[in-house]
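Peer 1: These are the residues of each chain, in order.
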Amino acid sequence: MLSFIARRLGLLIPTFFGITLLTFALIRLIPGDPVEVMMGERRVDPEMHAQAMERLGLNKPLPVQYLDYVGKLAQGDLGESLRTRESVWTEFLTLFPATLELAMAALLFAGIVGLLAGVIAALKRGSFFDHGVMGISLAGYSMPIFWWGLILIMFFSVSLGWTPVSGRIDLLYDIEPKTGFMLIDTLLSDEEGAFKDAVMHLILPAIVLGTIPLAVIARMTRSSMLEVLREDYIRTARAKGLSPARVVFVHGLRNALIPVLTVFGLQVGTLLAGAVLTETIFSWPGIGKWLIEAIGARDYPVVQNGILLIACLVILVNFVVDILYGLANPRIRHQR
Amino acid sequence: MTSLPLRAALAAVILGAAGNLAAKPLVVCTEASPEGFDVVQYTTAVTFDASAETVFNRLVDFKPGTTDIQPALAERWEISPDGLTYTFHLRQGVKFHTTDYFKPTRDFNADDVLWSLNRQLDPNHPWHAKTSVGYPYFESMAFKDLLKSVEKTDDHTVVITLTRPEAPFMRDMAMGFTSIYSAEYGDQLLKAGKTGDLNSKPIGTGAFIFQRYNKDAQVRFKANPDYFRGKPPADTLVFAIATDSNVRLQKLRANECQVALYPKPDDVPLIKKDPTLKVDEIEALVTGYIAMNTQHKYLSDVRVRKAINMAFDRQTHVDQLFGKGNALVGVNPYPPTMIGYNTENRNPPRDLAKARELLKAAGVPEGTVITLFTRNGGGATNPNPRLSAEMLQSDLKQIGLKLDIRVMEWAEMLRRAKNGEADLVSTGWAGDNGDPDNFLSPLLSCDAAKTGENYARWCNPKFQELITRAREVIDNDERARLYAEALKVYDDDQPWISMAHPKLFTAMRDNVEGYVINPLTNNNFATTKVK
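Residue numbers (the working numbering), protein chains in the order written: chain X, 1 to 336; chain Y, 1 to 531.
None of these hints come from the bench; they were simulated from the model. Glycine is no exception: its CB is placed at the ideal position from the N, C-alpha and C atoms. The hints are all genuine.
Partial list, derived from the structure: chain Y residues whose beta carbon lies under 8 Å from chain X:
1. Pro25
2. Glu139
3. Ala217
4. Val238
5. Asn246
6. Arg415
With a straight-line Cα cutoff of 35 Å, these simulated DSBU-like cross-link-like pairs (lysine-lysine) come out:
7. Lys60/X - Lys450/Y
8. Lys130/Y - Lys60/X
9. Lys196/X - Lys531/Y
10. Lys178/X - Lys231/Y
11. Lys201/Y - Lys72/X
12. Lys194/Y - Lys72/X
13. Lys191/Y - Lys72/X
14. Lys529/Y - Lys178/X
15. Lys178/X - Lys201/Y
16. Lys196/X - Lys273/Y
17. Lys178/X - Lys222/Y
18. Lys196/X - Lys278/Y
19. Lys194/Y - Lys178/X
20. Lys196/X - Lys201/Y
21. Lys191/Y - Lys178/X
22. Lys196/X - Lys222/Y
23. Lys194/Y - Lys60/X
24. Lys178/X - Lys95/Y
25. Lys196/X - Lys529/Y
26. Lys60/X - Lys201/Y
Listed next, with one range per pair, are the computed distances between beta-carbon atoms:
27. Ala192/Y - Lys178/X: 22 to 28 Å
28. Glu75/Y - Asn59/X: 42 to 48 Å
29. His125/Y - Gln75/X: 30 to 36 Å
30. Ser159/X - His125/Y: 56 to 62 Å
31. Glu421/Y - Lys196/X: 55 to 61 Å
Turn these sequences into a full structure, and let the hints guide you.
Peer 2: Listed below in structure tokens is the structure:
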């Protein structure tokens with residue numbers, strides 16, 4: 001098992017450098033520099049432009065800039081946002097809890113509903129329920145997030161008034177961000193009703209963000225369950241006279257979960273990508289919105305290091321999933 | 001009859017409820033996040049709203065809803081006859097904000113004005129190099145060359161000497177980049193080695209005291225009880241950041257905010273129909289235009305530019321893009337609310353046959369391809385650039401010109417347009433201070449043709465001479481005459497298709513009072529309250 005982990009860890013190093021090189025190059029491929037973007041249509045004095053580029057270290061040759069960047073990274077320095085002059089790490093730490101809270105809520109929603117729907121659809125194969133679940137999940141997978149979010153807002157928030165339109169908390173509450181997780185911060189504050197309000201704010205964005213992963217998980221669970229339910233050991237379990245629930249959940253679902261687990265890991269990437277749109281629709285102050293604005297402003301340090309941090313996170317989650325997968329399936333663990 | 005304890009409890013509930021109501025903040029749904037609060041480092045409107053309009057004041061202000069100047073931190077001023085020396089007499093007894101991070105020991109005085117302006121002007125000022133990209137507005141308004149010195153003659157008098165007469169100077173001084181900071185706070189931060197706090201914990205004399213910024217979510221302010229114009233009626237002001245205009249509107253409908261900035265023109269009729277909402281509108285100092293590169297083949301011939309203007313179906317274009325009644329058709333480079341607007345200039349009547357004749361006379365072959373650069377996303381000057389380009393394409397097809405539309409990202413478009421790569425550039429301009437020079441110098445002067453911001457690359461010596469003289473003359477009537485004459489030259493040469501002057505809208509709940517919409521797109525809530 002240790003050598004398996006070591007092999008996986010060894011792969012992380014080139015991946016990490018690959019990402020630094022890619023983000024560094026990609027953001028510079030977009031025309032326009034941060035000073036030009038900031039000045040927009042206004043006059044850019046060439047002298048001022050040159051001074052600003054020098055101050056930002058952007059007048060050096062690209063390989064030197066890259067080495068500077070990697071050198072600073074090695075010292076744990078993620079630099080400063082060119083736009084807000086705040087440290088990238090501070091900004092990330094401020095915004096990431098919001099995205100994480102949303103992503104976890106979405107994953108929870110997608111996981112619970114997706115697994116249940118998938119299992120029931122597999123058990124009732126060919127039934128109306130099965131076709132319904134598969135049809136809805138296909139629609140969910142193809143749903144444009146922006147449209148879906150606005151429809152939910154108009155129905156639940158504006159017409160019915162059940163949930164708030166956007167944001168993380170009613171602005172009546174002045175919650176000090178202690179942990180950055182609104183659910184925790186509202187519990188820590190002594191403002192009555194704030195926690196419930198934070199939960200209400202989380203519901204629609206979590207549904208919107210969780211819709212695509214839900215569809216994927218439901219379909220994967222269904223097909224995996226169908227495969228497993230045909231296995232000999234299931235027939236044996238049934239023949240032994242085990243209860244149907246035990247057969248399905250202990251012998252069936254447990255084995256069917258292996259590919260679903262992988263899908264869970266891969267959905268982290270989908271969730272972070274979907275967060276960009278969801279955060280925009282629900283005015284959710286997370287890293288998705290932060291990165292989009294940074295790309296528009298050519299805020300190199302934010303784009304480079306923000307993407308790097310997210311990539312590291314996705315790699316980490318997939319690494320953990322790999323390990324779990326290895327634990328669950330000895331054949332993978334011993335593969336060379 | 002209720003018992004005494006029950007009545008006491010009821011009273012407590014009612015009072016508690018009233019207390020809660022009184023504490024309800026004025027929530028404004030804004031379109032973006034402020035980049036920071038050290039306003040002189042930035043150029044965007046939302047940053048100006050969250051700092052210059054709330055936390056800070058300047059020596060002079062724009063009167064609400066106008067571009068006229070009114071006294072602010074300066075009570076009065078004198079201008080020397082040669083137009084080079086401005087003497088400002090400062091208001092006394094003005095207090096800087098008291099917060100948990102700064103307790104002022106003195107009132108506002110001349111040292112604060114010197115600190116604020118010399119910080120941007122003087123390379124030896126201890127704060128001058130404390131920004132990474134300099135002072136973009138100060139530099140783009142050419143203040144580095146314009147200001148000779150900023151000095152005080154006593155604690156309450158400041159003398160600013162210019163290198164040349166500059167008629168728009170007082171209006172420039174009302175703009176956000178001349179906001180007045182506390183020199184005492186600056187010194188305190190410098191000593192403590194916390195210069196970054198100037199950008200995250202601002203101190204000013206403005207109507208609202210900064211409380212907290214939750215990044216990309218909200219900015220909270222509380223009313224300044226010592227504000228020199230009187231405490232604002234809203235105890236708490238919150239900017240709720242909602243980048244999507246649909247979401248801002250839905251939040252307004254759900255009463256999650258009481259004011260929503262920049263609704264889409266398309267949504268305005270719906271908002272007007274809703275009995276719980278209302279809309280304020282004003283003719284903004286904004287022009288959407290298409291610059292025609294006067295140095296390119298064919299377009300260098302005024303007959304070709306006239307033919308294009310003649311083929312362009314302006315009214316349909318403006319109605320489709322902005323909605324009927326939401327924008328004025330453009331004639332001159334700036335809107336009619338500004339001085340010197342030439343009312344005699346007229347757009348040529350749409351005449352395709354005559355346009356074809358002009359092209360023929362200029363030797364333009366049938367099917368000639370001309371390129372148009374336009375941006376991918378809509379904005380105040382053009383809500384749908386692609387549709388706009390396609391409508392022009394269809395107009396030009398009728399006179400035998402093929403329009404090659406190149407839709408590109410904004411920064412990329414500006415860079416390539418400044419390089420003179422395009423035949424036509426579809427863009428716009430929002431005025432900063434209500435002075436015609438703020439449109440004509442950056443967009444149509446010979447200097448701007450050299451640096452590229454004049455996308456038409458049009459340099460007419462007569463026009464240049466007129467706008468240079470108008471910039472130096474203090475007398476308003478004379479300036480108006482000079483500008484009207486300059487606009488005649490512009491009209492003869494037609495370097496642009498002046499497309500539209502859109503209106504600006506602010507949507508709000510019907511119980512909001514005291515908000516004044518401004519033509520310069522700045523938003524100030526010092527007098528706004530929720531009934």
